[in-house]
Amino acid sequence: MQFSSALLENAVNEFAKLPGIGKKTALRLVLHLLKQDTGEVTHFSDIIAKMRSEIKFCQRCFNVADGDICSICANSMRKQEIICVVETIRDVIAIESTQQFNGTYHVLGGVISPLDGIGPDQLNIESLANRIKKEQTQELIFALNPNIQGDTTIYYIQKKLQGLSCRITTIARGIAFGGELEYADEMTLARSLQNRLPVESYVNSR
Amino acid sequence: MLSISAISIFQFKNYSVRSFSFSERIVGICGKNGMGKTNLLDAIHYLCFTKSYFTRLDANNVQQGKNGFRLEGNFVLQDRPEKAVCVLRETGRKELSINEQVYEKFSQHIGRYPCVIIAPDDAELITGDSKERRTFLDSLLSQLDPDYLQQLILYKKVIEQRNSLLKLFAETGTKDLSLLDVLDEQLVKPGELIFNKRKEFLVSFLPIAKHLYQEIAQQPEDISLFYESDLLQASFTELLKASRQKDCLAQRSTAGVHRDDLEINFGKQLFKNIASQGQRKSLLFALKLAEMEVIRKEKHFAPLLLLDDVFEKLDEERISNLLRKVCVENDGQVFITDTNEERLTDHLEALSVNYQLVSL
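So the protein sequences, as listed, match chains A and B. Note that the first sequence ends on residue 206 in this note's numbering; no numbers are left out. Note that the second sequence ends on residue 360 in this note's numbering; no numbers are left out.
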């Protein structure tokens, strides 16, 4: 792309660094900003800069927060003795959207994968163990992706917590709600059969 | 019953536009070097496995200076005609359709037209390292048992993670043994499953291969085939524990089913060290024909058999034994290439079967 202005070019290049944004989309966004009042664009960039510089991570669960403690942890209506362990902040948002969970979270910041150079030390596992000891947590629910790295992480943490009276569970894996058996892949279907549910608890949970 | 009645080839390897029709069950293909005998077999293989037997890159199969190719085969499966079309578009996209129905996943096609190919380079299976024999075993078992393939993929992924962790130990000088424990536990289940399936399968497979070898050789040769695995001595859990220190030093996993082998002995010595070229080749046929036998049992019809340049280095007697096995005792369709038209017709005449000769 040829630009008549280096300023414009720099802006386009910066936008193009964002995930999912290519050069053409970046140009469209920049030209849109160019059409707006200087004040509006300053407001836009200030908000982004402020977001980055002032945002904090909850000292307890590592979720994003405005203060030292996030709004979920600070909410006394939520069950503090139940912790849902997730990989990233995006997973917190996904589970919150279900409106089915009324406990607290713990964001690991990734999963164990030596292949990617991520060991337990790089994740918030030590702090989770300390937290469970200190808070007398009753239940730990793992909501990690159903793959090998997720499983490794679950087993590792479970081993680490041996001897504590905390109950450890993981989210169910199987046929998607509203899905059709015919179109489910064999592995998912086999797993659903293995971990089948008694009908009473199934009917009650709906 | 499975057969091909015709194939049209467009811009594939050395062919620009060419059609062949096959009217007989036995098809001999003759021609000088570089005329495209192997390429014709490969075109058939392509329609069965959606890939070439010889090169990995699809683009390598396109005729020089052209873009894209098209293969069209008229198959007959259980008395029903089917038209299989494989197209590599100019963009590099590959499509495969049966009776105009395009597949979403190529893996769904594999196994529909079972096919066994024997090519000169396959001797690696006998003389090469253990990886060749594991690959042979894995691809055969995966065709018969989809769960085996799933477990194999799982096993390979965990092994990769474990090896990375062992490297990480060496680089950082730290040892998080509890993480290694977890990976070991994850490895045991697929590992033992793969081991048990291989063991169970080979109990029936190896005697078939041995028997076929004796039949091709037509004289008692003292060969023996076994399954070699670390897991035969101890449980996988114990093995991992025992080899842990070694693994840490070597920075990779030194025990497990990824080191299995098929050991072939001739008398008391290793077959590959002392066997002649012809004997190696006979054993290769025995293994491949055993593969064909197993597929036939599973599918209830014989797979297509593609024999590329198989007569080299075999004595006359072994050639005629082999041909009797594949042409008379086998009821599937067979394609045989040879540079020497006279030799091929002589052998086929001797069998008194109907055959067709394609000269390139």
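Derived from the structure by calculation, the hints contain no laboratory data. Among the hints, erroneous ones may be present.
Lysine to aspartate or glutamate pairs mimicking EDC-like chemistry, simulated, CA-CA at most 16 Å apart [what the hints assert, rightly or not]: (1) B:K175 / A:E182; (2) B:K199 / B:D138; (3) B:K157 / A:D116.
*Checking against the hints above, which ones are violated?*
Hint 1 contradicted; others consistent.
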